[in-house]
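Asks: Chains X and D, in that order, give the protein sequences.
For the record, in the first sequence the residue sitting at position 639 is 639 according to full-length UniProt numbering, with numbers rising by one throughout.
For the record, in the second sequence the residue sitting at position 699 is 699 according to full-length UniProt numbering, with numbers rising by one throughout.
No lab work stands behind these hints: they were computed from the structure.
Where hints are given, some of them may not hold.
Given that identical chains are not distinguished, each listed pair holds provided it fits within a single copy or across any two copies.
Pairs of lysine-lysine, DSS-like flavour, derived with a Cα cap of 27 Å [claimed, not checked]: (1) Lys846 with Lys817; (2) Lys358 with Lys600; (3) Lys818 with Lys846; (4) Lys650 with Lys637; (5) Lys650 with Lys640; (6) Lys712 with Lys792; (7) Lys12 with Lys313.
For clarity, every value in this text was computed on a predicted model and none was experimentally measured.
Protein chains: 2
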Amino acid sequence: MKKYVYFFGNGKAEGKGDMKDLLGGKGAGLAEMTNLGIPVPPGFTITTEACIEYYKNNKQYPEGMWEQALEALKRLEEAVGKKFGDPSNPLLVSVRSGARVSMPGMMDTILNLGLNDETVKGLAEISNNERFAYDSYRRFIQMFCDVVLGIEHNKFERVLDKVKENNGAKFDTDLGAEDLKEVVELYKELVEEELGRSFPQDTMEQLRLAINAVFESWNNQRAITYRKINKIPDDWGTAVNIVAMVFGNMGNDSGTGVAFTRNPSTGEKEFFGEFLINAQGEDVVAGIRTPEPIAKLKEHMPEVFKQLEEVYKKLEKHYKDMQDIEFTVEKGKLYLLQTRSGKRTARAAVKIAYDMYKEGLIDKKTAVLRVQPEQVDQLLHPMIDPNEKYEVLAKGLPASPGAAVGKVVFTAEDAEQWAERGEDVILVRNETSPEDIGGMNAAKGILTVTGGMTSHAAVVARGMGKTCVAGCGTIRIDEENKQFEVDGKIVKEGDFITINGSTGEVILGKVKLIMPELSGEFAEILKWADEFRKLGVRTNADTPKDSEIARGFGAEGIGLCRTEHMFFEGNRIDAVREMILSDTKEDRRKALEKIKPYQKEDFIGIFKAMDGLPVTIRLLDPPLHEFLPHTDEDIEKISKASGISTEALKKKVEELKEFNPMLGHRGCRLGLTYPEVYEMQVYAIMEAACECKKEGIDVKPEIMIPLVGHYKELAILKEMVDNVAKEVMEQYGVEVEYLVGTMIELPRAALTADEIAQYAEFFSFGTNDLTQTTLGLSRDDSGKFLPYYVEKGIYKEDPFVSIDQSGVGQLVEMGVKKGRNTRPDLKTGICGEHGGDPESIYFCHKIGLNYVSCSPYRVPVARLAAAHAALTEE
Amino acid sequence: MKKYVYFFGNGKAEGKGDMKDLLGGKGAGLAEMTNLGIPVPPGFTITTEACIEYYKNNKQYPEGMWEQALEALKRLEEAVGKKFGDPSNPLLVSVRSGARVSMPGMMDTILNLGLNDETVKGLAEISNNERFAYDSYRRFIQMFCDVVLGIEHNKFERVLDKVKENNGAKFDTDLGAEDLKEVVELYKELVEEELGRSFPQDTMEQLRLAINAVFESWNNQRAITYRKINKIPDDWGTAVNIVAMVFGNMGNDSGTGVAFTRNPSTGEKEFFGEFLINAQGEDVVAGIRTPEPIAKLKEHMPEVFKQLEEVYKKLEKHYKDMQDIEFTVEKGKLYLLQTRSGKRTARAAVKIAYDMYKEGLIDKKTAVLRVQPEQVDQLLHPMIDPNEKYEVLAKGLPASPGAAVGKVVFTAEDAEQWAERGEDVILVRNETSPEDIGGMNAAKGILTVTGGMTSHAAVVARGMGKTCVAGCGTIRIDEENKQFEVDGKIVKEGDFITINGSTGEVILGKVKLIMPELSGEFAEILKWADEFRKLGVRTNADTPKDSEIARGFGAEGIGLCRTEHMFFEGNRIDAVREMILSDTKEDRRKALEKIKPYQKEDFIGIFKAMDGLPVTIRLLDPPLHEFLPHTDEDIEKISKASGISTEALKKKVEELKEFNPMLGHRGCRLGLTYPEVYEMQVYAIMEAACECKKEGIDVKPEIMIPLVGHYKELAILKEMVDNVAKEVMEQYGVEVEYLVGTMIELPRAALTADEIAQYAEFFSFGTNDLTQTTLGLSRDDSGKFLPYYVEKGIYKEDPFVSIDQSGVGQLVEMGVKKGRNTRPDLKTGICGEHGGDPESIYFCHKIGLNYVSCSPYRVPVARLAAAHAALTEE
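Using the sequences and the hints given, assemble the complete structure.
Replies: Right, here's the structure in full:
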């Protein structure tokens with residue numbers, strides 16, 4: 001018989017801490033803590049395997065599971081000295097989900113299970129607190145009905161509000177035992193009304209239904225969404241933890257709290273957390289009452305605090321990582337309910353990893369692996385420019401760092417919709433709930449009215465790397481009129497605000513943001529990462545300024561310098577248009593002569609910024625019509641500005657129009673049919689290189705021919721480049737080492753890479769276009785159906801964000817292999833936007849590319865991801 | 001020392017008939033004929049290797065070649081009993097090109113070489129014919145200057161015309177010896193003027209320059225063009241044949257002719273050809289004088305005719321193929337100058353192959369291989385509808401069969417330009433010359449004023465499978481006014497004419513053409529082909545009518561039935577537009593219900609036509625905007641017709657607009673996002689199939705999902721198809737065997753064919769789209785640069801015409817292998833336009849596809865090509 005149930009209690013557990021896959025994070029943590037001698041309420045865990053089997057078996061328990069659970073329940077009764085369903089001495093349990101990785105608030109939890117009309121009396125008697133017993137019972141009914149029976153939470157709230165109103169009570173705590181008994185009766189009536197049957201009094205039935213509900217909650221919509229965002233496989237399943245209840249709400253010698261062994265926001269080495277006296281755990285997490293900082297617990301319960309300090313130190317030392325713990329104090333006795341690796345901001349991740357290495361707790365590799373590449377992007381998030389002067393509208397808790405500017409919206413749906421049409425939004429809510437997850441992801445930042453540093457909004461925002469200001473209590477939201485009010489000031493939907501998640505400030509209007517630089521511990525961690533990584537990291541930069549920024553972030557060269565961007569700047573575009581409108585080669589040459597000095601100047605700037613590092617310059621890529629106006633209005637405007645007749649413009653626009661510009665007359669096809677264009681560019685590059693070289697700058701130009709599909713295209717153009725280069729170098733009397741290579745961005749190029757490598761000294765995989773052609777997917781048009789594809793799981797991720805490994809990746813791998821077969825020292829890199837995506841970087845490492853190239857601000861992410869790839873490969 | 005020169009003469013040759021690669025077709029034929037005891041003037045052949053070496057060595061002869069040639073020249077002098085350059089008894093030679101395969105008129109020939117101011121006197125003396133000697137000399141100067149020294153032919157003609165005018169002579173033959181002496185002097189002055197040096201008198205220099213010129217002519221523009229059109233490799237080179245001159249122009253007991261051992265136009269078993277009394281060979285080929293039919297030779301020279309009959313029978317029996325021979329009679333003595341396999345029309349090829357098999361001359365395989373797949377397309381060329389009544393404007397020779405309708409143009413350049421912009425043209429010329437080759441290829445048909453059945457126009461047109469009427473002497477071309485006149489009627493450039501190459505008729509205006517059916521010997525040959533081929537041949541057909549035609553041509557099923565074409569017919573388009581304009585699924589369904597009966601009706605018709613054969617039906621493929629109007633004018637029109645407001649139409653058009661429709665929202669992407677569309681289609685297919693089945697028709701529907709890139713797309717849609725099929729079959733109470741498969745038309749599909757084959761029962765390679773995506777080449781836009789690519793040899797052929805084997809072909813091969821790995825019995829076929837291209841069919845055979853599918857009229861071509869593929873594979 002397979003073992004589906006693992007018991008823990010009395011200082012001994014059947015499970016262990018390394019059984020997370022089977023017991024879930026929570027279950028493994030409880031087992032481990034029990035074995036460590038840490039005070040944990042006894043209980044048992046039903047394995048994730050049982051959950052998987054449950055789904056496979058058409059939602060039936062696997063054979064033996066229920067019997068094992070009953071057996072464990074018996075042991076639990078013995079450990080606690082209470083009996084489940086016994087009116088005289090009832091055992092109450094919590095039933096909680098627990099997957100391999102934490103999915104905070106995504107799945108269901110039921111507390112106080114085991115209460116019914118009889119056991120509630122027993123609880124009242126034992127606790128000598130009738131009010132507590134009936135409060136627990138009414139909470140249990142409400143929660144059970146919400147989670148298990150599907151009756152809306154609000155309906156119970158309305159009943160409760162009515163009783164409060166009738167009794168002139170302001171808070172729940174103002175209600176007495178008799179009032180709560182009335183609430184319980186009204187709740188039970190509500191159940192009858194809603195379901196046509198009464199609330200289940202059989203505690204075994206309660207247990208069974210609750211286990212089912214937890215299993216089912218693995219596949220509720222918000223859990224699915226969370227998994228998608230966090231890339232958690234759908235087939236892991238959840239474990240179920242059934243644990244003896246302990247009560248933080250048994251008076252002022254009771255309480256509950258959550259804490260982190262280090263500050264999860266800053267990473268400072270300090271015990272950090274919050275607690276509430278006389279409350280149950282969900283009160284803290286849900287953010288309904290604002291809790292007190294953990295340090296205050298020392299005043300309330302010095303003994304407990306001391307014990308807690310010992311426990312947390314033990315736990316951190318044991319797990320060698322910052323822990324996120326939940327605890328409850330029942331009548332002065334401390335219970336640890338959970339421990340897990342704590343979620344943290346990127347800043348905290350960096351500081352903690354750095355500190356723990358310095359403390360000797362972990363080695364350098366571990367320190368590097370502790371900082372997630374996806375996450376460090378946060379550190380490169382906008383900050384408010386320190387030179388900016390602004391007035392603070394309100395102040396909340398600094399729940400997730402960074403700053404964000406956006407238009408105010410009040411619902412998650414609006415956030416998603418507005419963001420979809422390209423608006424930056426700040427989602428403003430009283431508090432967020434798991435249903436808001438999509439909107440939070442879409443927003444630039446989140447602002448909540450209630451809830452603390454560990455509220456849902458704060459935890460989720462930090463995980464997402466979103467700026468969040470939480471618990472900003474001075475704000476009053478008027479949902480109906482879609483506005484909020486602070487001190488008499490009205491902020492309407494669509495108004496701009498700026499929030500600073502590092503300080504908690506809320507500012508009316510747009511404030512200028514700046515990008516931070518790399519420094520301190522983060523720079524140090526990245527240096528360590530550099531020690532481990534094998535992939536080079538270059539940047540995509542088209543200007544001297546971007547090149548400098550990227551170099552500051554550690555870029556080891558330019559992987560893609562797009563020359564066409566230079567064509568648009570200032571009044572160069574006039575000469576470009578003149579060139580396009582020319583009918584003869586002669587006229588085109590004349591126009592090109594006007595553009596050349598600009599191009600040369602750009603290249604000189606870039607070469608200087610990249611002194612000593614390689615610079616890959618791609619020759620003109622887009623179709624010529626991209627440089628022409630398209631609407632009648634624009635044509636009119638440009639005609640006036642340039643003196644070119646509207647007829648001539650229109651004629652040319654019509655002539656150059658393409659059905660599928662993506663597959664049209666561009667890249668090397670232009671270079672072959674209008675050789676004078678590429679020639680001008682190569683002259684500009686080589687002249688710039690020679691001039692720099694003469695000034696003592698170490699230039700390493702790599703000239704890249706785009707859109708090659710057939711080796712003969714490259715053969716012809718390489719000859720041209722070599723001829724021009726020779727001529728220019730002779731003219732300047734200097735030798736410049738340069739390479740000629742190509743973008744591999746068409747399937748045919750990858751398929752015939754062996755032939756192309758005869759003429760190419762390097763390959764740069766242009767995975768943006770390669771994705772478009774391999775998948776037959778226009779990036780500009782796919783918005784109409786690609787979201788559906790990702791939603792349905794046809795593609796796990798948007799293939800323009802993370803490389804489609806089995807399709808596009810297969811071609812890249814093939815290209816590398818075939819290319820190196822012909823030319824073993826072929827340099828290979830990737831310069832699509834995938835170059836900054838950690839998953840894609842792992843793939844690039846795996847297939848042995850020489851480097852990735854990404855936008856300047858993604859360079860640190862890429863450095864770290866490349867190190868992770870090297871450190872985690874098998 | 002390598003042997004570069006092969007001698008033949010005195011009934012013995014160093015070379016043999018199977019040495020075509022080395023000696024060229026002409027050289028090998030001369031050697032073979034010599035060995036067979038056929039009267040051939042002695043001579044020697046410089047090998048193709050020497051030509052190749054010449055190009056490799058920077059246009060220097062390979063070592064020893066010249067010495068070997070001098071040695072052979074000596075033997076030739078001995079054989080003939082004359083001496084090269086000897087004024088008293090001069091040997092004259094012809095210097096001719098001769099490649100592995102015949103390239104008629106493409107390369108250069110020089111006759112009468114060895115004449116100079118001294119030897120001409122000797123020739124006059126020996127021949128006792130001063131006029132002949134000086135005529136030969138002036139011809140030699142003219143030809144040598146044109147071919148070797150690069151002085152334009154016309155300049156000499158002008159001199160000649162002037163002398164004729166001065167002497168009141170109408171024809172060349174009216175000039176006497178003294179006149180010709182004057183001509184020679186004037187020619188020599190012209191050379192002095194043009195080149196600043198005198199005409200070379202040294203006969204060895206003449207020989208050397210002539211050999212060079214022949215070598216060089218391998219790479220003249222028209223030879224290159226001819227090789228491109230005929231797919232002859234550029235690196236074969238040409239041999240040079242130096243043969244003792246014999247003279248057909250030594251009086252009325254002399255003559256020259258060309259003949260075929262069977263009729264090259266009809267294939268009839270009859271000696272067929274033409275001759276001219278007192279003329280040299282070029283007079284026949286160039287079409288300047290209209291020659292007499294060969295039968296007349298019997299009257300003129302009965303002995304010679306008898307000898308010629310013996311020779312041609314011997315040759316055909318020896319070569320087991322119809323021969324094209326050139327002969328000259330010098331003072332009553334017959335010389336064979338050349339024999340080679342004769343070019344023939346498709347009709348003749350079929351008849352000759354069939355007859356020779358029946359005669360026991362060749363076996364069935366050889367008979368099948370004798371008919372070229374590229375060529376039989378001719379047999380399926382349009383014919384004039386026999387029911388048409390028309391008036392014949394003029395009548396010429398039926399030089400190349402078939403009929404053609406087009407606008408009159410008078411130059412090859414115009415033919416090319418007009419054809420490029422999509423016009424059908426008939427090229428009308430006095431006579432064609434090798435320079436016209438491009439224009440002839442571009443024209444639908446060719447009409448010439450002079451020249452016989454073996455004139456340049458006739459030979460080339462037959463080779464190209466173009467309709468040609470030659471020697472239509474009643475026509476007078478007025479080049480200046482771009483018109484021609486027949487019996488007082490004026491036909492201007494751009495006017496439509498119809499020509500019938502099978503009857504020689506020229507008709508004013510457009511006459512209705514029809515396609516012929518398969519029958520007789522052709523049907524027989526195709527049946528033989530079917531015995532050998534391994535590839536199946538299906539057709540692309542969208543209507544019952546096309547299906548019937550294709551079946552008549554031997555199609556073994558439908559490989560591609562495009563359902564969208566059905567959407568456009570009649571007033572269905574209204575319902576289609578209604579569907580597209582619907583905003584809800586409900587409204588879309590309503591509109592689709594209107595379309596369904598039409599679709600069903602179509603399918604019933606097709607299933608009936610294809611009773612017993614498989615029918616692959618592709619579900620809707622194009623993006624929806626293809627069904628909407630695009631210009632304001634069309635929108636207006638459709639708005640009026642349909643009652644849909646212009647605003648609604650414009651809004652939808654705007655909404656559906658795509659940047660790259662080729663890579664857009666189409667194919668299965670539509671099927672997934674608008675499932676009701678595909679559902680309707682599957683209902684229509686399955687209902688039609690069930691109804692047919694009930695009527696006793698053997699239906700084999702194969703439902704094809706287009707544009708699949710990821711196996712999950714197919715998985716979802718296959719489930720839908722299976723569900724609908726099950727429902728419909730239950731409803732009708734019949735079982736229909738059907739397959740579900742997919743088009744492989746995206747690189748990703750080929751790359752992941754192993755995954756896709758899990759859900760696909762067949763693959764149909766859509767190589768049109770696969771070419772577009774693999775090469776990143778929009779078919780609609782590539783016209784701007786693809787001709788340049790083909791011209792420069794980047795792609796050997798337009799990749800949309802003949803499959804790009806190393807790129808697209810690689811993916812197809814990969815797709816087949818991976819697909820069969822998963823599903824060994826996977827059916828694979830190709831349904832792009834490559835399915836009718838012989839080269840592509842060979843490739844499909846090689847990689848083991850099950851079938852090709854092509855347009856109905858290409859089915860016979862495909863059947864034959866498939867047989868060739870099977871018969872010629874190694």
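Asks: Indicate which option fits the pair lysine 650, lysine 637 if close means a Cα-Cα distance not exceeding 27 Å: within, between, both or neither.
Replies: Classified as both; 12 Å inside a copy, 25 Å across copies.
Asks: Indicate which option fits the pair lysine 818, lysine 846 if close means a Cα-Cα distance not exceeding 27 Å: within, between, both or neither.
Replies: Answer is both: 16 Å inside a copy and 23 Å across each meet the 27 Å cutoff.
Asks: Within, between, both or neither: how does the pair lysine 846, lysine 817 come out at a Cα-Cα threshold of 27 Å?
Replies: both (13 Å within a copy, 26 Å between copies)
Asks: Reference check for the pair lysine 712 and lysine 792, CA-CA at most 27 Å: within, between, both, or neither?
Replies: Classified as between; 9 Å across copies, 42 Å inside a copy.
Asks: Quick one: lysine 358 to lysine 600, C-alpha cut-off 27 Å, is that within a copy, between copies, both, or neither?
Replies: For lysine 358 and lysine 600, neither the intra-copy (49 Å) nor the inter-copy (76 Å) Cα distance is at most 27 Å.
Asks: Which holds for lysine 12 with lysine 313 at a C-alpha limit of 27 Å: within a copy, between copies, both or neither?
Replies: within (20 Å within a copy, 108 Å between copies)
Asks: As a check of your reading, is lysine 650 near lysine 640 (CA-CA no more than 27 Å) within one copy, between copies, both or neither?
Replies: within (13 Å within a copy, 30 Å between copies)
Violated hint for the displayed structure: number 2, the only one.
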